[in-house]
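Trainee: These protein sequence lines are chains A, B and C, in that order.
Quick note, the first sequence lines up with residues 1 to 100 if you use the numbering used here.
Quick note, the second sequence lines up with residues 1 to 482 if you use the numbering used here.
Quick note, the third sequence lines up with residues 1 to 630 if you use the numbering used here.
Worth flagging that the hints you see were computed from the coordinates, not collected in a lab.
A virtual CB, placed ideally from N, CA and C, is assigned to each residue, including glycine.
Hints are not guaranteed to be accurate.
Okay, derived cross-link-like pairs now, DSSO-like style, lysine-lysine, Cα gap no bigger than 30 Å in a straight line [as the list claims (entries may be wrong)]:
hint	chain 1	residue 1	chain 2	residue 2
1	C	K588	A	K99
2	C	K449	C	K367
3	B	K292	C	K588
4	A	K87	B	K146
Restraint-style ranges between C-beta atoms, simulated for each label pair [unchecked claim]:
hint	chain 1	residue 1	chain 2	residue 2	range
5	B	V28	C	F629	58 to 66 Å
6	B	Y418	C	N576	45 to 53 Å
7	C	G455	B	D353	52 to 60 Å
Spelled out, the chains give:
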Amino acid sequence: MVPLSYYLMLSAVMFFLGVLGVMLRRNAIIIFMSLELMFNAANLAFVAFALYYHSLSGQIFVFFVMTVAAAEVAVGLALIVAIFRTKHSINVDQLSSLKG
Amino acid sequence: MTAADVYAILPLIVLGGASVVVLLGIAVHRSHSLTLILTLTGLVAAFLLLPLVSIEAPRQVTPLLVIDSYSIFFSGLIIAASFIITVLSYSYLSQQRGHREEFYLFLLLATLGSVVLVASTHFASFFLGLEVLSVSLYTLIAYSRKEYGIEAGVKYLILAGLSSAFLLFGMALVYSELGTMKLAQIPTSLSNPSSGVSQVFVLGGLALIVVGIGFKLALVPFHLWTPDVYQGAPAPVTAFVATISKGAMFALLLRYFTVVNIHNYPSLYLAFVVIAIASMFIGNLLGLLQTKLKRLLAYSSISHLGYLLVAFLASGPLAAVAVAFYLVTYFVTTLGAFGLITIMSNSDRDAEDPEDYRGLFWRKPWIAGSFTAMLLSLAGVPLTAGFVGKFYLVTAGIGSALWLLVIVLVVTSGIGLYYYLRVVVAMFASLPKGSTIAPAMRISPHFTGALAVTILVLLLFWLGIYPTPILRLIESMVTGFS
Amino acid sequence: MLGLLWLIPVIPLIGFILLAIIGPRLSRTAVAIIGVGSVGISAILAILVAISFISSPPAGNAFTQTLWTWINVTNFNPGISFYLDSLSMIMVLVVTFVGFVIHLYSAEHMLHQEGYSRFFAYMNLFVGSMLILVLANNLLLLYLGWEGVGLCSYLLIGFWYTNPANGRAARKAFIVTRVGDAAMAIGLFLLFNNLATLNIQDVMQRAAQTWQIGSPLAVTAAALLLGGAVGKSAQLPLQTWLPDAMAGPSPVSALIHAATMVTAGVYLIARTHVLFSLAPSVQLAVAIVGAATLLLAGFSALTQWDIKRVLAYSTISQIGYMFLALGVGAWSAAIFHFMTHAFFKALLFLAAGVVIDAMNDEHNMFKMGGLRTQLPLTFWTFLIGSSALSALPLITSGFYSKDLILFDAYASPSGSTWLWLAGLVGAFLTSIYTFRMVFLTFFGKPKTKAVYQPGSRINLALIVLAAFALLIGFLETPSFLGNINVLGNFLSASLPATSILPQRAGSEGILELVSAVISLVGIYLAYLLFLRVPKTTEAMVQSPVGAVLHRYWFSGWGFDWLYDTVLVRPFVWMANSNKNDFIDLLYKGIIRLNEALHRVLSNTENGLVRWYATGIAIGAVIIIAIVVFL
């Protein structure tokens, strides 16, 4: 039996890596992947504690999160295609015409 | 779920059903006006159901939603605002080329998400409502598929995704300690010492939830996205982001942190005080020399949400009333301002540059006059809605002796006055000789948009001069939610 | 019928909104119908309300109509609510009726002027604001009306804004009255702060309960209100704006700067008379201010060549009489003189407007003359107005109202022989300068030919006002002349009766006789000086003493010069020389600081999404740090 705190730690590490990914990477697809990592960090914590509390709600919530994440990515990929059409690149640093 | 439960959430079902009907309608016959009529019918039907539903209130429908007078009031406000935005969108999209009909689908879905938020009593409905709102907004912001729109859409997507992740992780932390996601159980689990709850994890979780909420409300330090998204999005969508999305989130904030009594957690309270002061100062300072109108309104909205936090932090019976009334006035004023930008915009671009409104009074006295009224209301000048709203905020703040916050509110309102008046002065300035007329001054406003704006101007003065009826309504509806 | 009360101020305001929005697109006829009609309807409603008020008086002889409460927080709950008692009833009747007649006149007088609809929009706004002022039942609404009439006064003095001099006159009026308004606003705050209510009747009641006679708070509050009244009513020391205000069109002078707005100060003091009774020293100050003003303005009026400036100084002087009456506790005498003055002074201004038009915009009386035959109707009505102003015995309203004030100034407990004497000298001056005006303008040899004849609307307005200028005096006559007390009885419900010292009560007949003689002597003297032997008069003015006096009087006793030297110039000098001192640096520093902060913060909005994400992350860290570690 893995101790419960390990799950939480792993989840925290995943979350932190995800934040760093969003902050440091320029490629839009990798940024989306980092976002997914953060979502799944939360999911991991939910599943682990759902098991601990013997309550289903945490597990069901994870399904909601996965569905939502899928929807976000679907819209996100569509937007990336649209950027690529105008900029021929998916570097988010090039998206800086709105500022000031 | 009983029949009575289903009855209680009928407005939500109608909104969801309307979006399905619009979707199918587009598939069968693509027509802009037909889609508009279907959308408006859905919104009106949902609105008219609210008083009928209120007979059942308060009613807990599954652990996720509560239909009480508080949620009914804010649902009504959201649906009414959505109605106005739909009408403005029709005026806006009539100028655009390409497919216009799906826009309304997303408007309905975003409205549905907001209504879920104000009725939420559970993390699941919180998250789902938020995401239904956000995902619809991504598409709406990028709807024009012009360069600015897409840029704004991607920025909003990444940052909203990031903040949702923070929110979600915060929920996970709270769940990990308390084993519940029901709002009502959080304070009881917290106060029960035998549960061995670690306050640190719960508070950390709540702090992360505040990050998610703060992002949607565009509070400092989560405000950086605001001007870019405001500027890039089509004007009616900006109106949506500025009003409904924030209003729904604020209603949720007030409900959550009244149930989880914020006064029991001094550090959390302090965090909100810091956020409020920073928002009031930084929002107004950012607006100071801004010339682009949509960005200016973005900065203005940052500070306005900061003002709202003053009433939020004031406890007492007046606080909820002050928040609700201020939101109403803020909705009217902001919708009016973006409505005016909408009716001045054309197919190429939104009217927001200084030359679009310099000397506007001499070309379009009506639009300039209405705009002046909106800006004066945002500045809080007497006899406009904004004054009465701000008066109640200050009264609520003084009632709870929040002197620091009230002083900051007054001082920063003074800074804010400067940039509102700057725009007003520019509108009444004489046109330079021989200058070309900006395209924004040449278009003749679409009838529907002009009608919507006229109604908003009348509402603005009505609320400023005769606020009693709406105050009575608010007093009877928003105080004391379960 | 009383329920219609709220419509009385609202209808002119609707007229204003209509004219402001669609006025420029309407024909002049339509503008006149809206502009004149709205005030006309308001006057009819006022009469209906008055009939109902008199025939079936409401409980307590006062009627309060609350439309709604604007804001309701603890004891700050200003309502949009109106209070009708006999005092406000009289004010409403005069404002709407005189207002209507003047509007009727303006419909013709302003017909060929640029900005016809703008004129009526302002005039309607003025009537609406004035009615709000007199009907307000709380201090905040009263203040709204007070500032509203001030705004309209400013807008209408500067109506012909293309001439910079008019703009200057408008600014002067606005700034000088602002001095008084600031005092009044502080007074209102003081009342609210100490008595915890805005309702005027409650304020009076609580003041009488909580404050002793002569208590410092009561004195301060009354003095501050007096400051507001002095500014609005152009009394010493804030009288300098009114003569310059004649830059506006004649109907404006008639309505705002003679009949209604300038008497708002009188109304304010009468409305808050309880407060002034609690502060006898301030009440004495009111009497002295009135007496001094009426004398100073009377001398100044003697020397003016501009017909409208004579009337302006005369207005200052007549309001001085009203202040004198208020100061000696003769509340209803003040209101009586306000009524009669409203009619005859409006008449004089309107007739002067006709004269000026007929002389092709000539204001100088010395270039007029002999107009008696050229403008007969205008002459006769002007003569009636002048007789009323000089209190011609028995037949004019001015005789009854002014002599009542003189008698009360002598015989009331707070009166004195000195105050009476000042009033008497003032009456003598009044009849001289008034008939100087009549003789110079209408008698003698014609110097200029009249180029214009008034039409039916103007004539009607003049006739109506002339009739009232004669008849309205019979509402209140002395004991030996019928002893009619209609007005006094009517007002007794809201204003205390004037007390008369018994040992002086019997002197009324003698006093009346003296002032009647004085008035007639004055007229004869004017006849001598300005018609029979103008050469002698000329020589008197040229003599060394005469020249000095003439210069002082002509310039309104040099008050403009005094304020310019003592206040304006030093202030401008100080402002100029301190342009770059450290205090200014402080303000500049605040601006610089704000701008610098703006620039720094603007750099954070660099458009880079990764930076924004970092911002959120840093924010999250800060919030967590605050929440978890503090």
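Trainee: Taking the hints in turn, state whether each one holds.
Mentor: To see whether the hints hold, each was checked on the structure:
no.: 1; hint: C/K588 <-> A/K99; in the structure: holds (28 Å)
no.: 2; hint: C/K449 <-> C/K367; in the structure: holds (10 Å)
no.: 3; hint: B/K292 <-> C/K588; in the structure: holds (25 Å)
no.: 4; hint: A/K87 <-> B/K146; in the structure: holds (12 Å)
no.: 5; hint: B/V28 <-> C/F629: 58 to 66 Å; in the structure: holds (59 Å)
no.: 6; hint: B/Y418 <-> C/N576: 45 to 53 Å; in the structure: violated (25 Å)
no.: 7; hint: C/G455 <-> B/D353: 52 to 60 Å; in the structure: holds (53 Å)
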